[in-house]
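Student: So the chains spell out like this:
There are 2 protein chains.
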Amino acid sequence: MPFDYIPPLLQDSSSKIILLVMDGLGGLPVKPGGPTELEAAQTPHMDQLASEGMLGLTTPIRPGITPGSGPAHLALFGYDPLEYEIGRGVLESVGVGLKVGLGDIAARGNFCTLDENGNISDRRAGRIPTDEAIPLVERLKEVKVPGVTTEVRHVKEYRFAVVMRGENLHPDILDTDPQHTGVPPHPAVAQLPVAEPTAVLFNQWIAKANQILAGHQKANGLTLRGFSTDPNLPTFKDSYGLNAAAISVYPMYKGVASLVGMQVIQFKGETPEDEFEALKNVWEDHDFFFIHIKKTDSKGEDGDFEGKAKIIEGVDQALPQLLGLKPDVLIITGDHSTPARMKTHSWHPVPFLFWAPATIRPDDQDSFCELACGHGSLGNFPALNTIPLALAHAGRLEKFGA
Amino acid sequence: MPFDYIPPLLQDSSSKIILLVMDGLGGLPVKPGGPTELEAAQTPHMDQLASEGMLGLTTPIRPGITPGSGPAHLALFGYDPLEYEIGRGVLESVGVGLKVGLGDIAARGNFCTLDENGNISDRRAGRIPTDEAIPLVERLKEVKVPGVTTEVRHVKEYRFAVVMRGENLHPDILDTDPQHTGVPPHPAVAQLPVAEPTAVLFNQWIAKANQILAGHQKANGLTLRGFSTDPNLPTFKDSYGLNAAAISVYPMYKGVASLVGMQVIQFKGETPEDEFEALKNVWEDHDFFFIHIKKTDSKGEDGDFEGKAKIIEGVDQALPQLLGLKPDVLIITGDHSTPARMKTHSWHPVPFLFWAPATIRPDDQDSFCELACGHGSLGNFPALNTIPLALAHAGRLEKFGA
Numbered sequence: 001m002p003f004d005y006i007p008p009l010l011q012d013s014s015s016k017i018i019l020l021v022m023d024g025l026g027g028l029p030v031k032p033g034g035p036t037e038l039e040a041a042q043t044p045h046m047d048q049l050a051s052e053g054m055l056g057l058t059t060p061i062r063p064g065i066t067p068g069s070g071p072a073h074l075a076l077f078g079y080d081p082l083e084y085e086i087g088r089g090v091l092e093s094v095g096v097g098l099k100v101g102l103g104d105i106a107a108r109g110n111f112c113t114l115d116e117n118g119n120i121s122d123r124r125a126g127r128i129p130t131d132e133a134i135p136l137v138e139r140l141k142e143v144k145v146p147g148v149t150t151e152v153r154h155v156k157e158y159r160f161a162v163v164m165r166g167e168n169l170h171p172d173i174l175d176t177d178p179q180h181t182g183v184p185p186h187p188a189v190a191q192l193p194v195a196e197p198t199a200v201l202f203n204q205w206i207a208k209a210n211q212i213l214a215g216h217q218k219a220n221g222l223t224l225r226g227f228s229t230d231p232n233l234p235t236f237k238d239s240y241g242l243n244a245a246a247i248s249v250y251p252m253y254k255g256v257a258s259l260v261g262m263q264v265i266q267f268k269g270e271t272p273e274d275e276f277e278a279l280k281n282v283w284e285d286h287d288f289f290f291i292h293i294k295k296t297d298s299k300g301e302d303g304d305f306e307g308k309a310k311i312i313e314g315v316d317q318a319l320p321q322l323l324g325l326k327p328d329v330l331i332i333t334g335d336h337s338t339p340a341r342m343k344t345h346s347w348h349p350v351p352f353l354f355w356a357p358a359t360i361r362p363d364d365q366d367s368f369c370e371l372a373c374g375h376g377s378l379g380n381f382p383a384l385n386t387i388p389l390a391l392a393h394a395g396r397l398e399k400f401g402a
Numbered sequence: 001m002p003f004d005y006i007p008p009l010l011q012d013s014s015s016k017i018i019l020l021v022m023d024g025l026g027g028l029p030v031k032p033g034g035p036t037e038l039e040a041a042q043t044p045h046m047d048q049l050a051s052e053g054m055l056g057l058t059t060p061i062r063p064g065i066t067p068g069s070g071p072a073h074l075a076l077f078g079y080d081p082l083e084y085e086i087g088r089g090v091l092e093s094v095g096v097g098l099k100v101g102l103g104d105i106a107a108r109g110n111f112c113t114l115d116e117n118g119n120i121s122d123r124r125a126g127r128i129p130t131d132e133a134i135p136l137v138e139r140l141k142e143v144k145v146p147g148v149t150t151e152v153r154h155v156k157e158y159r160f161a162v163v164m165r166g167e168n169l170h171p172d173i174l175d176t177d178p179q180h181t182g183v184p185p186h187p188a189v190a191q192l193p194v195a196e197p198t199a200v201l202f203n204q205w206i207a208k209a210n211q212i213l214a215g216h217q218k219a220n221g222l223t224l225r226g227f228s229t230d231p232n233l234p235t236f237k238d239s240y241g242l243n244a245a246a247i248s249v250y251p252m253y254k255g256v257a258s259l260v261g262m263q264v265i266q267f268k269g270e271t272p273e274d275e276f277e278a279l280k281n282v283w284e285d286h287d288f289f290f291i292h293i294k295k296t297d298s299k300g301e302d303g304d305f306e307g308k309a310k311i312i313e314g315v316d317q318a319l320p321q322l323l324g325l326k327p328d329v330l331i332i333t334g335d336h337s338t339p340a341r342m343k344t345h346s347w348h349p350v351p352f353l354f355w356a357p358a359t360i361r362p363d364d365q366d367s368f369c370e371l372a373c374g375h376g377s378l379g380n381f382p383a384l385n386t387i388p389l390a391l392a393h394a395g396r397l398e399k400f401g402a
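Residue numbers (the numbering used here), protein chains in the order written: chain A, 1 to 402; chain B, 1 to 402.
Isolated chain A (complex conformation) (with noise of 0.2 Å):
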């Protein structure tokens, strides 16, 4: 449980929480004295809540880790990313959209190239593009194994995804990469006697595969790594006692929500209007919204500041939606930095907004920007404080001790 002492102190409520991510929200100035991507963006419906309600900065994993986008997620949602590990095969297959439940097995997987002795000459077969790599995944749907069944999925250029179910897999597999070039993949190799049948059953695929793949001239073999199961995390019911939605156009976050027992919401279109449409139509059912904006990520890594103020701007001209919901408690933040001027993700803390209109006691902050959240009431703190934060204000708390 993330937080041991909540669940005996939770109490029926009717409240509703928003919590609003802009993924990669936090940004740098480009020039000395220059605004950050937020400071640049006209954003008048946040500055309005943030004269209302409390700024602060958040770190997501650790002061100076730069958080992937799932520990950043489970990191907002109370899990700590070191505690709560989810294993990359898993990360990955949720990424694209894959279903990977209890006692499913979930791998990474790399196309390479082999030379003539069947040894890797390069990791990533010389990083095929993407509309190269696609049609071989297709081809690599076909490999069955006896006894279970598999999924694979493309991700992106040389990598992929796969899963596979059956009974009584195990996922203390070594990675078949071995890490350098000049010697072939390994096979896979069990950890624990108990995971000797499941490597059997990969060995079994991966040979299948390699036939396939055989006539490629760069991606001739593959590799598989980070094999995983559900991490079976407690869900946001058993922590929170929340029946929690999550709206995300992005298979990542979807997949990220679902692992903490999130209901993923079904909806068309992909702006924040159709996002936040979205949310309206299941306003009655839950009780906690999770609502992800990706394009601010995007946007940053492609370097484009101007792109992710625009980004920030809509969603901001987008805000009354939610507002006129009447929310008990809404929370506009980031899962990480993305500076447009780095075009990555970055260890910066993540401009944090809270507003509770009932119990919050404001501070004297009156715009939304890294800055502002620097002087906020709410200071630096860990993402992590977020959820019991919100369920303070939601009055879903009792009191601890007499």
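Don't take each hint at face value.
Identical chains blur together in the list; that is why a pair holds if it fits in one copy or across any two.
To be verified - Straight line, CA to CA, 30 Å or less: simulated BS3-like cross-link-like pairs of lysine-lysine:
1) Lys31 - Lys310
2) Lys31 - Lys326
3) Lys399 - Lys31
4) Lys326 - Lys343
5) Lys16 - Lys31
6) Lys310 - Lys399
7) Lys399 - Lys99
8) Lys16 - Lys326
9) Lys16 - Lys343
10) Lys399 - Lys294
11) Lys16 - Lys237
Keep in mind the hints are simulated off the structure, nothing from the lab.
Owing to the predicted nature of the structure, the values given are computational and were not obtained by experimental measurement.
Given chain A's structure and the hints, the job is docking chain B onto it.
Tutor: Relative to the frame of chain A, chain B by itself:
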């Protein structure tokens, strides 16, 4: 030991530390843009100390957690309430001034109503008023059980506390309250064999008590909960090398202070002036002084915003009495927030003023209120840090390592 690394660092000093706790000090604005109770109060002395000292905001237990009085004080004293649990029976007993020594067993009692079949029809005896319950508690004092002594004291309405003292008693006994109606109270049942003799003794006490209560219309039965004993907490002397005194009008806080080995000072009166005078009288005998002001919390729970502000002003007016003693360290804070607007304890961080003229690094805040504390140089921090900080500024800690 609350901080294992502190005892080896302790050094002698004649310095004096005062910890002034205004219970439930933290507040909220009643309307947007309005002041909190502390902001509304005229506090020239505290504001002067704020301008000379440092401010911050404390989290008593964990973010979002609303503390009871017992855990909140333990935290201020440096004992993490999630690590050092005080049984509910002990808290209830010390709260009404019953002493719970090592090996004594304390329990919380409820009067209840039994129907003609001996089943509970009302778990709280119709919430009988205090003046009706007190005579019943007086009768319970007559109950004698061979081999042990028992002490009973009324708490409030249908609630009382009982402490059993004797040889080889053990608290691992299940609640006799079945938590619902339509069934009889459970007997006292030992969870461990070592507690069986104690359960037998409590069942004897219950049987005799029931005979006494039999005639009463509403309160013709009772249940006992929270069997517990002195938690045997490390003392202030052992933990911090401090010879501590506690000055409080209310038994609850005397009780918690005595559990960590503070000497409870007897005195007459109940105003801040009376309490500060009592402190002055024992100034030479101790090096740490915990003073507890209750009425800030009481007014907060009454929803009396103005009344709470007035209590704060009264403390401020009396403050020169303390300052005249020239303490080396003076801390003014609360154990938790009790916003008049909420009429109850809350999770909001607590204003914290730290003053230590010889070694202070002042910040740029010059008034004692939530907003200024949010900008103070101490930042947001766990209440657990209070005593180590005080020890340092009191010159009581040697360097760690060479």
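Student: For every hint, state whether the structure bears it out.
Tutor: Status of each hint after checking the structure:
1. Lys31 - Lys310: within (19 Å within a copy, 35 Å between copies)
2. Lys31 - Lys326: For lysine 31 and lysine 326, the Cα distance is within 30 Å only across copies (18 Å; inside one copy 39 Å).
3. Lys399 - Lys31: between (48 Å within a copy, 24 Å between copies)
4. Lys326 - Lys343: between (36 Å within a copy, 24 Å between copies)
5. Lys16 - Lys31: This pair counts as between: shortest inter-copy Cα distance 22 Å, intra-copy 41 Å.
6. Lys310 - Lys399: For lysine 310 and lysine 399, only the inter-copy Cα distance (26 Å) is at most 30 Å; the intra-copy one is 43 Å.
7. Lys399 - Lys99: between (39 Å within a copy, 25 Å between copies)
8. Lys16 - Lys326: within (8 Å within a copy, 51 Å between copies)
9. Lys16 - Lys343: So lysine 16 and lysine 343 pass the 30 Å test across copies only (22 Å; inside, 35 Å).
10. Lys399 - Lys294: between (37 Å within a copy, 18 Å between copies)
11. Lys16 - Lys237: Within one copy, since 14 Å is at most 30 Å while 48 Å is not.
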